[in-house]
Amino acid sequence: MEKKNLTTMQARNMQDVTTASKIMGIIVKIGVYLFLGIMALIVLFPFYWMIISSLKTMDEYRQTIPTFFPKVIMWSNYVNAFNTANLGRLFANTLFVGVVSTGLSLVITVLSAFAFARLEFKGKDAMFGALLATMMIPGELFTITNYLTINNLQWMYTFQALIIPFLVSVFYIYLLRQNFLQIPNELYLAAKVDGTSDLKYLWKVMVPLAKPTLISITILKMMGAWNTYIWPKLVANDDAHQLITNGLRNAFTDASGQVNIPEQMAAVAIVSAPLFLVFLFLRKYIMAGVSRSGIKG
Amino acid sequence: MKVVLQNLTKIFPSRDKKSGKEVVAVNDFTFEIPDGKLIGLLGPSGCGKSTTLYMISGLQKPTSGKIFFGEDDVTELSTENRGIGLVFQNYALYPHMTVKQNILFPLENLKGADRLTKEEMLKRAHDAAALVQIDDLMDRKPNELSGGQQQRVAIARALVKMPRVLLLDEPLSNLDARLRLQTREEIRRIQKETGITTVFVTHDQEEAMSISDMIVVMKLGVLQQIGKPQDVYDDPVNLFVAKFLGTPPINVLEGEVKGGKVCIGGAAVAEAPGVADQPVYIGIRPEGFELDANGALECKLSNVEVMGRDVSIVSTHESSVNPVIRSIIDADYAIDREAETVRYNIKPHKLFVFNKETEERIYF
Amino acid sequence: MVDNKHQWKAWLYLAPAIVLLLVFTVWPIINTLLMAFQNGYSANLALAGKTFSFGIENFRKVLSYKRFTDCLFNTMILCVATVPISTMLALLIAVALNSIKPLQRTLQTIFFLPYVTNSIAIGMVFAAMFNIIGLRPDGAMADTWGIINNVIMFFGGEPVNWMNAGSGYWPNIVVMVVYIVWNALPFKILVLLGGLQSINKQYYDAAKVDGTPRRRVFSKITVPLLSPMIAYVVITGFIGGFKEYSSIVGVFGETMGPVHDAGRLNTMVGFIYDSLNTRAHGTASAAALILFLIILAVTMVNLQVSKKRVHF
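Chains as they are written, first to last, in our numbering: chain G, 1 to 297; chain A, 1 to 364; chain R, 1 to 312.
To be clear, the hints were calculated from the coordinates, so they are not data collected in a lab. Wrong hints could be hidden among the right ones.
Below, computed lysine-lysine pairings styled on DSS-like, alpha-carbon distance capped at 30 angstroms [stated by the list, open to error]:
| hint | chain 1 | residue 1 | chain 2 | residue 2 |
| --- | --- | --- | --- | --- |
| 1 | A | Lys-123 | R | Lys-208 |
| 2 | A | Lys-123 | G | Lys-22 |
| 3 | A | Lys-66 | R | Lys-201 |
| 4 | A | Lys-61 | A | Lys-2 |
| 5 | A | Lys-347 | A | Lys-228 |
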């Protein structure tokens, strides 16, 4: 290489270059914020529309030129929606199914993840591989047979039909196993030396250390119960067992297909509120869980 | 291209908002880097040497002060318009590009009149690769290269646009000991061949001393001393610089100046004409000791380590600040290993006296 | 360390999971294969003692149904339209979010909100936004045009019958694409932003030193370094897209289409459930296997493409 510097780089009018790039930078910044602002408005708009529509009278809602804030605030829509859709019952059903299935699922997941992470047994790797392979298969493929199984077990229109088939999630076992594996094995060996039983070790050491993952699993599982639609519709769509999503979809459609939209929106808002509250308080866990899970619900 | 730093100061706002304490990374730094020299910015971690380098590069803006390249004030100029080459500590090679693509990358950014033709670009890339001797690795990806090879690619990428100033951030810290020796000679050679003003940052004084034309010693954001490596070593301005340079490190003892003599534990070891009586720190380089049965300084002998060419004598003295005093003596000298004590004369030019309070050098 | 005591203990810990998996995962896989290859299989008839001959009649029947090919077409259209749009938008938003400091967390939270919703519930909100018909107090039907049409008309466009009686196929699809994209953004933004934040800042410093223009930084550094994440969201996007069902129920209801053309927007998954309802278990199983094979194929193709494009 020649012993000289790049001449063109020196021959610039430095002042001009500096000002130009500064102005450019500001323009780009404004552009970025403008873009994000508009996108944020688009993302938020359905929520806004849901809330203001839920507070309007039917007449106001139907105006050709829409109002962006209700003239008369109809809190009564919420009361009506709650009664029309029988939301109290739906909430209770969903909460029951959610809590029971989350609790049982956590126990099963913790035990299995512990076995895969810490215990030695023949065929461990092969079995874990087989488990992971089932994650490739779409759930719809299981649904057909599971429907028949529930039918044969005479579990139609029972809560166990809603709970038991989904207690084991291979993905959660995988997630928790990875978490358990990060806990140094020396801790386990030390506990063994001290004569601590496996169960006690699991409960006193592993579970507390894996708490963030367990919280993520709990939230995702509860959200799953809140959002599930297809399976309950197949096996337990009667009033006594109906879950929130199913009840919501059907409550406001009359025979002619006409809907009291403000009341419907009020019901949607009521159903959405718990999710938002949970999100507000447990944002960190939800985002951590979701970024690893991939598929909704 | 000479580089001038004028009253350069960088203050980082505190991360802890409550205490509101700012961090002064670089404090009123003034220095001129002569054209075509290799400069080592040296100091312990947190001394502001990397911040100084990043301010020269333009990736960080100084809080106050000015930077000149030659006669141009580049303080407000953005990085890309400064015409510098920067080699990052972790090399920052693009992992998805081959060596060739990495080296070509800066050239492909040039626009308008600066834009080269495809052939010129390839020629320049090959020249740069040949200079750092990686022209046979052009189609590899960075993760297929050893640390030393990655380092060379990073240097080639920095050189390919023929920068006015080349900056290297801890260029040797990610290499193993053997490669480090080899690569630092390499950096020296490349700098000589290209004649580009080069500044590199390091915390390793040996590294800086061995290849730099000049070293700049920094401490807590404040410039301590600038000079040729040998001059700084032979003539440190304060205790910090004296302690920072040299392996094994300088021996520091507590003592006093009394009646124009430097005394350690009552024994006069050197003359200090015209210096007022005061307590002082005394620094003695390991090679500044001479064995002498009638020597002024008596130490308890604890160990003799043979190093081949030299012998290192480990001894103790109650005035010593360090746990032991280490001296380096020619191996031809006969040493009585069984002796209880050992006596030294001190070579006057290897002994430095520092004010006990300010730790500044006392000249005489 | 491996002794017999550990052996049986491990199996004890695994027992609940294994029993449930055998019944609700392993048996369904076997049974689905069995049902799919018994011509005209129906579990109810089988219980009554009827036997079925083995063969591939179910698959032939499924593929010859116009209803099925329509479902397949709908599913494909939704995939092909929503995956690229949502990935591009999510990439732009993630890059923009990554480049700002003030408001970053607030905006990030806003963009995540659609994730924490019930897809049926918010589908109903979208239906309300696109709906153009209401009842006047006197009981007569009236065009309200709906908020979306009002916005279109505000910008000087023509109102469209998006989803009510008499609406066309493509407007229906547009409604679904808008909703699915809105719904798919949060996850993609989350993953891509996470990927962006884990890219070493030094690459950007290096690019800056070399005076790389913004567009080139995006195309030559950001996108390649983000390619594993992009591949991930594209693959999961396709898998989710092929299983699309409840978002359509949310917007259109169980009619799976506008009132005058029920089932128009039905999807593969919808077809499977319809077959289940008519007790055509052989057909349902065959359709489910076809869905599985398509997802497998699409995933393989995606992996192949990304192997060439993903650089690590």
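So, going through the hints one by one against the coordinates:
no., hint, result
1, Lys-123(A) x Lys-208(R), "holds (23 angstroms)"
2, Lys-123(A) x Lys-22(G), "violated (34 angstroms)"
3, Lys-66(A) x Lys-201(R), "holds (26 angstroms)"
4, Lys-61(A) x Lys-2(A), "holds (20 angstroms)"
5, Lys-347(A) x Lys-228(A), "holds (22 angstroms)"
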